[in-house]
Amino acid sequence: MAPPLRAAPPQKPAVFPSITAYNLDKDKVVLPGGLAGQVNLLLLSFEPEQQKDVDSWMSTAQALQHLNFQFRYYETPVSGKENILFRWWETSSMRSDQTDPLSWQWTVPLFVDKKSFLHDLDIPDEKQIVVLLLDRQGHVLWRASGALTPDKRASLMASAGVH
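Per this note's numbering, the sequence shown starts with residue 2, numbered consecutively.
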């Protein structure tokens, strides 16, 4: 006789790991608790070629930030842990690419153990950007991947409390 089937335990929502980083303004940011919003949208990219997909989300992220003062968005390019010289070069390149210094405080490059980072956040691979809506404790409230579509926009707006 076969053993009785057991229901799988409910999966815990992913929680963003605690990471100390520096934005392009060179200010220290401790994620997720040190992010400015009560709810924060992180646009995680893994390759420079993914910037066009990040850009597809920008007008929606900016609109949400204007509609909800508890909401902030961040561009968060994710790279592997590298030596200090590489990090300096990478962030200097990002600063020169982003011609608007006002955006520097909202761009937070992450230099992490990618395998562990992806595992912690249930991200299957680096093939497309990942967009995460987090609370102050880092709980993932909503997620999407790839470029913005009308369905993703509507889902994000509803999850962020804007209809």
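Just so you know, these hints were derived from the structure itself, not from any lab.
Any given hint could turn out to be false.
Below, in silico cross-link-like pairs of lysine-lysine (DSBU-like), each with a Cα-Cα straight-line distance of 35 Å or less [to be verified]:
#1 Lys153 <-> Lys128
#2 Lys153 <-> Lys53
#3 Lys153 <-> Lys29
#4 Lys115 <-> Lys53
#5 Lys27 <-> Lys53
#6 Lys116 <-> Lys29
Okay, the calculated beta carbon distance ranges per label pair [said to hold, decoys possible]:
#7 Gly81 <-> Lys29: 30 to 36 Å
#8 Gln39 <-> Asp123: 30 to 36 Å
#9 Glu83 <-> Glu50: 15 to 21 Å
#10 Arg137 <-> Glu50: 28 to 34 Å
#11 Glu127 <-> Met59: 26 to 32 Å
#12 Leu68 <-> Asp114: 19 to 25 Å
#13 Phe70 <-> Asp126: 32 to 38 Å
#14 Met59 <-> Gly81: 36 to 42 Å
#15 Pro151 <-> Gln52: 36 to 42 Å
Given the structure is predicted, the values throughout are model-derived calculations rather than measurements.
Just so you know, even glycine gets a beta-carbon here, dropped at the ideal spot from N, CA and C.
Checked against the structure, which of the hints given earlier come out wrong? Hints 7, 8, 11, 12, 14, 15 contradicted; others consistent.
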